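Please build the complex by placing chain R on the supplied structure of chain P, with the hints as guidance.
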Amino acid sequence: MKYVDEFRDPELINKAAEEIRRLADPNRHYRLMEVCGGHTHAIYRFGLKDILPPNIELIHGPGCPVCVLPMGRIDDALSIAEQPDVIFAAFGDMMRVPGTNGSPLEHKARGMDVRIVYSPSDAIKLAKMNPRKHVMFFAIGFETTAPSTALTLQRARAEGLRNFSVFCNHVTIIPAIRAILDSPDMRLDGFIGPGHVSTVIGCRPYEWIAQNERKPIVVCGFEPLDLLQSIVMLLTQLQNGEAKVENQYKRVVPWEGNRAALKAMSETFQLRPYFEWRGLGFISQSALRIREQYAEWDAEQRFQVPGIRVTDPKAAQCGEVLKGVLKPAQCKLFGRECTPENPVGALMVSSEGSCAAYFNYEHRKAALVTTIGSAA
Amino acid sequence: MSAKATLGSAAPKIRFREPQIEMAHGAGGKASRRLVEGLFAPYFFSSSLDPLGDAAHLEINGARMAVTTDSFVVNPLVFPGGSIGELAVNGTVNDLAVSGAIPQAIVVTLILEAGLRTEILQAEIQAMANAARKAGVRIAGGDTKVVEHGKADSMYITTTGLGAPLPGIEINPRSVRAGDKILLSGPIGDHGITILLARGELDMEGDLRSDTRSVFPLVDAVVQAAGPAVRWMRDPTRGGVATSLNELARDCGMGIILFEDSVPVRDAVRGACELLGLDTLHIANEGQFLAVVAPELADTALKALQQTPGGNEARIIGEIREQPAGSVLVTTLYGGSRIVDMLVGDPLPRIC
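Chains P and R, in that order, give the protein sequences.
Basically our numbering = 1-based index in the first sequence + 9.
Basically our numbering = 1-based index in the second sequence + 1019.
Here chain P stands alone, though its shape is the one from the complex (with noise of 0.2 Å):
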């Protein structure tokens, strides 16, 4: 298959795997953080844990947008969907987080009339096939989806339909990187950047962490040797003490980003004075609105919100873990109470979470690997 064989040859894989074996000072240890949970899950569903040297470390970031909202505003949402005919529409790894009343999906068997879209503009199809009800999109991630949300407004609004509104909880990358910074019990080494929200917003918006923090970024694709290759680049960075912004993922990310995706972005949304970040606390400016032009489209406009907030569960390390200070293993509630088929934490629903990658690719395995051997 093009553009993901080539990424996975067992040869290139092992070079690359030579090279940072080769790089590695041994009397160092080496803290790097992929900030995207789509490489948390790459780097579990790949194995590549197992071929690299145990003095790389690599710390799970906050970049799972699932995993960072906060379990009030599914309850407000679902609190939208609860009224006689709304369709709540999400995309399948909403369906399994919990609220304080179960989850979207347990809503469903409950009665709800709960949908699975794969894009937004599916949730504009629904509302077409299905006008006298009105259908709610979930809207959540990063500058990665944010764009297609902003499309999907313009849409509703040039098309004038109705029966459509979103539920925006879209928020920005920076804030999270700068938030983990700032924590006091954190020390990072360099950064594996994010690779999707990059093809939006660019490689410049993380000038800083290089010029101010003194820290290499590197921004980086999906396959495993995309992240190999990422990881030589930031020793090679380490080991000639420089730290800069380089781009691996030159096949996707364009260095400028995307100037069509930041328009409609700006032109459909604004900043939110602050919002609350599961494990991080509130961030300012940090997350998205819909502007005021649209708030015939926007679910929070549109309808009583009761604005709910939700302490987490006492027990549950969600925010340790979120911000890399414990290991998903670490957690007291981990692979016992909260296990990907009953998670109380959210890190354990999305596949992009560091406990469901963890529990699902990783557990179990740790100590059985080397009586394993190669395959026959």
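Calculated directly from the structure, the hints in this document are not laboratory data.
Here the structure is a predicted model, which means the values were calculated and not measured.
Certain hints may be false.
What the hints assert, rightly or not - Derived PhoX-like pairs: lysine-lysine, alpha-carbon spacing no greater than 25 Å straight-line:
no.: 1; chain 1: P; residue 1: LYS336; chain 2: P; residue 2: LYS323
no.: 2; chain 1: R; residue 1: LYS1170; chain 2: P; residue 2: LYS117
no.: 3; chain 1: P; residue 1: LYS323; chain 2: P; residue 2: LYS341
no.: 4; chain 1: P; residue 1: LYS58; chain 2: P; residue 2: LYS24
no.: 5; chain 1: R; residue 1: LYS1164; chain 2: P; residue 2: LYS142
no.: 6; chain 1: P; residue 1: LYS117; chain 2: P; residue 2: LYS137
Chain R only, in chain P's frame:
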């Protein structure tokens, strides 16, 4: 059951404590297993500790027989490569086959929604007759119920199958040993992805057909070639290869190693899974089966499979090891590995 037996037996121990039934309980993965083992088995099979298989093998008045049943609620009714009627015959035929039985006869229950067009029903009845003829099974009877419009999605079909156990083999996960090889009859994921695309909810197209077919000729080839060296078989339908092998790992207490690069997957299926973030090992199949064969006869069994029509893409995809006990580990050519669990939740409901 006699009154005495009832008095003598303790109340069944019910471990299933979930307050309501969710779609996931029917998806064939973890939740389904919890429901069956935690609620059904304690009431129905209080004395039996045997692992649950694809068909029950019974002895009645000295005659051995295999019996199984399966319901079909697929949406849409017709899809590239098959339809609900064909699926209803092949699904039950395959459950008998992988339990180590020759499929003989099927009885059919139809639940029809008032308002269903006759030509749609007729097409499915015809599809069932054709599939039964092709699979060499007799349709021996059935029952029909009609429910109000809106209470069923056009039609649901339940088929119950009877089979004659193949002599000389016993399919039992507890007979599996370290070193045994895992055979797979052909490429995986065709059915699940075909249904997903046929629903037209995604702006995606692919040149794919459901793999629905009777696997009995292929099962028979393996059994004839390897005899008692065939330890276990299963058709990886809902929940896919990953779920079937996890069940085996739990039932036999051994570890399973899969060689990712040996698992045959068509490009269209791989592509769709990459785009949708699904694991091909979790996608449903309707015309493939897995067999665990003792190492000394694994190559013989594979050759027999490959020489049978429809088996040319069969491969050895993994093996049984002592570790990781109770789990399935997938290894890659470059030395990475990951645990693959049963399907959790239900990414693709109502695929069969």
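Okay, the hints, checked on the actual structure:
no. : hint                 : result
1   : P:LYS336 x P:LYS323  : holds (17 Å)
2   : R:LYS1170 x P:LYS117 : holds (17 Å)
3   : P:LYS323 x P:LYS341  : holds (10 Å)
4   : P:LYS58 x P:LYS24    : holds (16 Å)
5   : R:LYS1164 x P:LYS142 : violated (33 Å)
6   : P:LYS117 x P:LYS137  : holds (21 Å)
In this structure, only the earlier hint numbered 5 is contradicted, and the remaining ones agree with it.
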